[in-house]
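Listed in order, the protein sequences are those of chains B and R.
Straight run, no breaks: the first sequence in our numbering ends on number 589.
Straight run, no breaks: the second sequence in our numbering ends on number 1050.
Mixed in with the good hints, there may be bad ones.
Result set (DSS-like, lysine-lysine): computed pairs, CA atoms no more than 27 Å apart in a straight line [to be verified]:
#1 B:Lys-3 to B:Lys-112
#2 B:Lys-495 to B:Lys-568
#3 B:Lys-570 to B:Lys-580
#4 B:Lys-535 to B:Lys-580
#5 B:Lys-570 to B:Lys-495
#6 B:Lys-580 to B:Lys-532
#7 B:Lys-570 to R:Lys-1043
#8 R:Lys-862 to B:Lys-415
#9 R:Lys-949 to R:Lys-1043
#10 B:Lys-415 to R:Lys-759
#11 R:Lys-944 to R:Lys-1043
#12 R:Lys-969 to R:Lys-944
#13 B:Lys-532 to B:Lys-415
#14 B:Lys-404 to B:Lys-495
#15 R:Lys-969 to B:Lys-495
#16 R:Lys-862 to R:Lys-883
#17 R:Lys-944 to B:Lys-495
#18 B:Lys-535 to B:Lys-570
#19 R:Lys-883 to B:Lys-277
#20 B:Lys-112 to R:Lys-883
#21 R:Lys-759 to R:Lys-949
#22 B:Lys-404 to R:Lys-759
#23 R:Lys-759 to R:Lys-969
#24 B:Lys-277 to R:Lys-862
#25 R:Lys-949 to B:Lys-13
#26 R:Lys-1043 to R:Lys-1002
#27 B:Lys-532 to B:Lys-570
#28 B:Lys-495 to B:Lys-532
#29 R:Lys-591 to B:Lys-3
#30 B:Lys-404 to B:Lys-415
#31 R:Lys-883 to B:Lys-415
#32 R:Lys-949 to B:Lys-277
#33 R:Lys-883 to R:Lys-668
#34 R:Lys-797 to R:Lys-759
Just so you know, the hints here were simulated from the structure itself, not pulled from any lab data.
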Amino acid sequence: MGKILEINGPLVKLELPETVLGEQVRVGRLGLVGEVIGRDGDTALAQLYEDTAGLRPGEVADGLGWPLSVELGPGLLGAIFDGVQRPLQAVWEQSGDRMARGVAVPSLPRDKRWHFVPDPHRRAGTPLAGGDVLGTVQETESILHRILTPPLIHGELMELAPEGDYTIEEILGRVRMSDGRIEKLHLFHRWPVRTPRPFKRRDHAVAPLITGQRILDTFYPLLKGGKAAIPGPFGAGKTMLQQQIARWCNAEIVIYVGCGERGNELTDVLEFMPELKDPHTGRPLMERTLLVANTSNMPVVAREASVYVGITLAEYFRDQGLDVVMVADSTSRWAEALREVAGRLGQMPVEEGYPAYLGSRLAAFYERAGRVETMAGHHGSVTLIGAVSPPGGDFSEPVTSHTKEIIQTFWALSKELADARHYPSVDWLESFSGYIGSAAKWWAENVDPNWESERAQALDLLAASEELQRIVNLVGVEALSSEQRWTLEAAGLIKEGLLQQSAIDEIDSFASPEKQFALLAAMLEIFRQGMKLVKLGAPARRLIQMPLLAQARRWKSQHTSEDIAALKAKIAAIPGEFDKMMLEYEQTA
Amino acid sequence: MKNIEFRTATSAQGGLLVMGGVPGVAAGSRVQLRDHAGRLRSGLVIRAADDAVLVEVFEGTDDLDLERTWVRFLDEPFKLPVSRDILGRIFNGAGLPRDGRPPIISADRRDVNGEPLNPAARAYPREFIQTGISAIDGMNSLTRGQKLPIFSGGGLPHNRVAAQIVRQAKLLGESASEFVVVFAAFGASHADARFFEESFEESGVLNKVVMFLNLADEPVIERLLTPRAALTAAEYLAFDLDYHVLVVMTDMTAYAEALREVAVLRGDVPARKGYPGYLYSDLAEIYERAGRIKNRRGSITMIPVLSMPSDDITHPIPDLTGYITEGQIVLGRELSNQGVYPPVTVLPSLSRLMKDGVGKNFTREDHPHVASQLFASYAKALEVRGLAAIIGAEELSDADRRYLEFANAFERKFIGQGEDEDRSVYETLNLAWDLLSMLPADALIRVSEEELAKYHKGGAA
Ligand SMILES: Nc1ncnc2c1ncn2[C@@H]1O[C@H](COP(=O)(O)OP(=O)(O)OP(=O)(O)O)[C@@H](O)[C@H]1O
Ligand SMILES: [Mg+2]
């Protein structure tokens, strides 16, 4: 038993002789929880996850004997947790609308019974190792929860419960460890959030994560197991884009971490997710989703913890052999929480007040993404997508620039595009993807062999038009040749008919890879047909009058992903639209 | 403990007082000081240890005589007494009456810091509020429970715009406003405060208004309490008494500057432009108190006003505000100079909740598309205007010239309106179609073909 010596914002100095770094502590009459971040002889420095107002020197403090850990087992899906995995729905029912301090509600429901089906390979007397599947629980209709042996178990299975209904605290089995100790097994186990969960080996990422967003999938793809960042100034669309990904992506589990952002955005997710259907399974999206929420007005230390809670949950599902996507909105708020604590510890700030270890913390965090072979020999992945909120929209600031070094896919959002309501405001010149090679292979095999060249041509057009636009802005469009004018027009077509995608339009919100490619091919077909004419001497002025150009811009919101045939018919008719003019100019030529 | 006066000050500097040998003082507790002249000052415990307690003194520590300074620890945070009687009253930044009437006596006294809402308890705001201002209703609509700041600059009519919103705000289908108003001014001039008082009085709503005033010549540090006291009152009115509350706060820049001043005294590590790294969290504690709660009838809709230093939207105060609030209404000097009122610069303006509160079932089915089209067409028109400035309007193509005319008409007729002009959202939408009809139908691809057929004066493409 120890006591409080000093309270300084979220930091408390404790007299707590036996503690170790990272240990959880319970402090004061209110029983506020926190973790030890420094030690000096018999005193320890702890950061608390809750507001420290009202604490007094002399009040009791106690070490709990374990580091910040999460509970992993059935009951996670569909839930909303705070930054230290308190179940917010249950907390609400228990203590009302406001976050009361010192509430202790277990993360996973204790009274709920789950139907457990043991794995036939697990027999008494056979070896058992961390990560082995003990059996399954059908947690939601779409998700079969594999009950995993805790990672550090190694020994021989003594007994395992038969098929039946169990609560997570009932004993499911026993293991004799290699050193002779006997360990109990349950439907759940705990894992410390700051320690990556072990796996057998890293695997190559091979398949793209399909998000249904054209500028992402077609132009700057991300792979399952990859890392991406979405930097952008306020209001540029980071949250909308992440919500779109959470809705439509073809992952099996989605973990949505609201880290220091708005309360209403989480309410939004909580309200729409149960109503929407997973386009890949037809089940309500909430069944595959879980939320971690530490909003901007909640205590800053728990904000720092929330991303680790999220990534540990993601790894746990990965270890069941699933493809998991975690979106973190916003990693900047996490970095700021880090900065705030560093400042109070008196650590040397290096840039904009951030401590020197900012870069290495970010890197270590993103390193937990990846596709792996699990301990049990399955393949699973964690794809990590972090929003970055640079002050003043300045991408050279520390969090953005460090993150840029770490990730492979960079979806840069632009204020100019957002101001003109060109959404998603992903800047086609600033963004990049390091996964084009693998993605091209997948698209060639699954959608169209020409994906890579068509993509490249569209990007060339966009780059060329940027140059041309500069000229126009100086001297007017009349200075351009017909070829240049048509290039400019075609780039506009690609921007409006393909890149712009409304999240709130029912049809446009999601586009299957087939639809994405069909639209890409359509816009390029119009460009090429027109270019042929221009080369024959047709003035761009005439081409620009074609009603086809306005019509093609509407195709994206006229044809659903199921209705590709009609879209393809329109594409097949494109050359016909040019026939008359073609005849005219071929004759004169 | 609260009745004991300690005379154990060991040092005082820059607003911070160190007290020795006062064991068991609670962090965040209020402090009352009596100085050598018998004057009372107040403060807050910001660091508590048995051997030394650090107190932030609101009125400053400049002329304190340590030997003759008596300190009482009140053992509780700053609290505001609340009751129905606060309506119609005027308080100072710390919640004491400044209207010459007796203080509020109530057993119900609330910590002005509030407690964060459980995100699971929030209800998503969806009800469209008609402000009668086209630039807002048509393109950046306000929703009940939203926090939507006005970004402005010195000399721009943000006060008049805020007052107009307060006068005209109502739900669709209602004839009059059902809002009560909590008004907080910090660092405001006497003239600003008077302007609002008169405006409330003229519209006869004074008895539905609670005011918290901390004027420019009043203690800076009380400024940190003012929005918190005001929001405590707002929460009480909304979630205890079921009122729909409109909170107007001005000027958030003065608040943030006060926070910086205190942070510098405390020696906190600065992040940008000298503002402490926790400015974001601190502002969020204020702004996030807006909203709706499941199973509660009332709501808090918040309109903070802030002036952007040097009209710079990337300055930390508007920047961090924009990162927290649900959009922003940006006022611009250029429009204002051209005599356009309200001078709303629509492109950088945004309402994030608009997508969920307009359209079919809310306002009119074409509303979301019309808004999107106005943004796109006006953005294009501004490009054309930029070009015209270089090559001359005569050199523009016919198509471009129509955009130029559109931009002018849009600014004058759509954005511009009278200070007492209360347009219904339908008038606003019809006006939008009048303007969009200046452009050829096939240039309007953000609206549907059906909408073009129905509303575009030239018919469908
Ligand atoms: N794909 C989209 N389709 C339609 N509207 C969009 C889209 N993306 C963004 N928007 C609009 O832009 C607004 C702001 O987007 P969002 O909230 O995602 O910005 P943000 O970058 O997360 O900002 P902040 O950093 O302040 O959180 C949305 O409320 C919505 O109105
Ligand atoms: Mg966001």
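Outcome of the hint check:
A distance of roughly 37 Å separates the Cα atoms of B:Lys-3 and B:Lys-112; the hinted pair therefore is violated under the 27 Å criterion. For the hint linking B:Lys-495 to B:Lys-568, the alpha-carbon distance of about 20 Å falls within 27 Å, and the restraint holds. Taking the CA atoms of B:Lys-570 and B:Lys-580, the gap is near 17 Å; set against the 27 Å cutoff, the hint holds. Restraint check: the Cα-Cα separation between B:Lys-535 and B:Lys-580 comes to about 16 Å, which is no more than 27 Å; the hinted pair holds.
Restraint check: the Cα-Cα separation between B:Lys-570 and B:Lys-495 comes to about 19 Å, which is no more than 27 Å; the hinted pair holds. With a C-alpha separation of about 13 Å, the suggested pair B:Lys-580 and B:Lys-532 falls inside the 27 Å cut-off, and the hint holds. For the proposed pair B:Lys-570 and R:Lys-1043, the alpha carbon gap of about 26 Å is at most 27 Å, so the pair holds. Between R:Lys-862 and B:Lys-415, the direct Cα distance comes to roughly 22 Å. Compliance with the 27 Å bound is thereby established for this hinted pair.
Between R:Lys-949 and R:Lys-1043 the CA atoms are separated by roughly 15 Å; this keeps the pair inside 27 Å, and the hint holds. Our distance criterion of 27 Å between C-alpha atoms is broken by B:Lys-415 and R:Lys-759, whose separation comes to about 32 Å. A hinted pair counts as satisfied when its Cα atoms are at most 27 Å apart, and R:Lys-944 with R:Lys-1043 qualifies at roughly 22 Å. The straight-line distance between the Cα atoms of R:Lys-969 and R:Lys-944 is roughly 22 Å, inside the 27 Å bound, and the hint therefore holds.
Proposed proximity of B:Lys-532 and B:Lys-415 is contradicted: the alpha carbons are some 36 Å apart, above 27 Å. Of the pairs offered as hints, the one joining B:Lys-404 and B:Lys-495 holds, with about 25 Å between alpha carbons and a cut-off of 27 Å not exceeded. Note on R:Lys-969 and B:Lys-495: the hinted pairing holds, with a Cα-Cα distance of about 14 Å set against a maximum of 27 Å. For the hint linking R:Lys-862 to R:Lys-883, the alpha-carbon distance of about 40 Å lies beyond 27 Å, and the restraint is violated.
Using a Cα cut-off of 27 Å, the hinted pair R:Lys-944 and B:Lys-495 holds, with the two alpha carbons roughly 22 Å apart. Of the pairs offered as hints, the one joining B:Lys-535 and B:Lys-570 holds, with about 24 Å between alpha carbons and a cut-off of 27 Å not exceeded. A C-alpha spacing of about 24 Å is found between R:Lys-883 and B:Lys-277, which places the hinted pair at or below 27 Å, so the restraint holds. Between B:Lys-112 and R:Lys-883 the CA atoms are separated by roughly 26 Å; this keeps the pair inside 27 Å, and the hint holds.
Our distance criterion of 27 Å between C-alpha atoms is met by R:Lys-759 and R:Lys-949, whose separation comes to about 19 Å. The suggested pairing of B:Lys-404 with R:Lys-759 is violated, with an alpha-carbon distance near 46 Å, which exceeds 27 Å. Under the criterion of a C-alpha separation no larger than 27 Å, the hint pairing R:Lys-759 with R:Lys-969 is inconsistent with the structure, at around 33 Å. At most 27 Å may separate the alpha-carbon atoms for a hinted pair to count; B:Lys-277 and R:Lys-862 exceed this at roughly 47 Å.
For the hint pairing R:Lys-949 with B:Lys-13, the CA-to-CA distance comes to about 57 Å; that exceeds 27 Å, so the pair is violated. A threshold of 27 Å between alpha carbons decides the hint, and for R:Lys-1043 with R:Lys-1002 the separation of about 22 Å falls inside it, so the pair holds. A threshold of 27 Å between alpha carbons decides the hint, and for B:Lys-532 with B:Lys-570 the separation of about 20 Å falls inside it, so the pair holds. For the proposed pair B:Lys-495 and B:Lys-532, the alpha carbon gap of about 21 Å is at most 27 Å, so the pair holds.
Taking the CA atoms of R:Lys-591 and B:Lys-3, the gap is near 23 Å; set against the 27 Å cutoff, the hint holds. Between B:Lys-404 and B:Lys-415 the alpha-carbon distance is near 19 Å, which keeps this suggested pair within the 27 Å criterion. Restraint check for R:Lys-883 and B:Lys-415: not satisfied, since their Cα atoms lie roughly 34 Å apart, outside the 27 Å limit. Our distance criterion of 27 Å between C-alpha atoms is met by R:Lys-949 and B:Lys-277, whose separation comes to about 22 Å.
With a C-alpha separation of about 26 Å, the suggested pair R:Lys-883 and R:Lys-668 falls inside the 27 Å cut-off, and the hint holds. Taken as a hint, the R:Lys-797 and R:Lys-759 pair is honoured in the structure, with Cα atoms around 15 Å apart against an allowance of 27 Å.
Of the numbered hints stated above, those contradicted by the structure are hints 1, 10, 13, 16, 22, 23, 24, 25 and 31, listed in ascending order.
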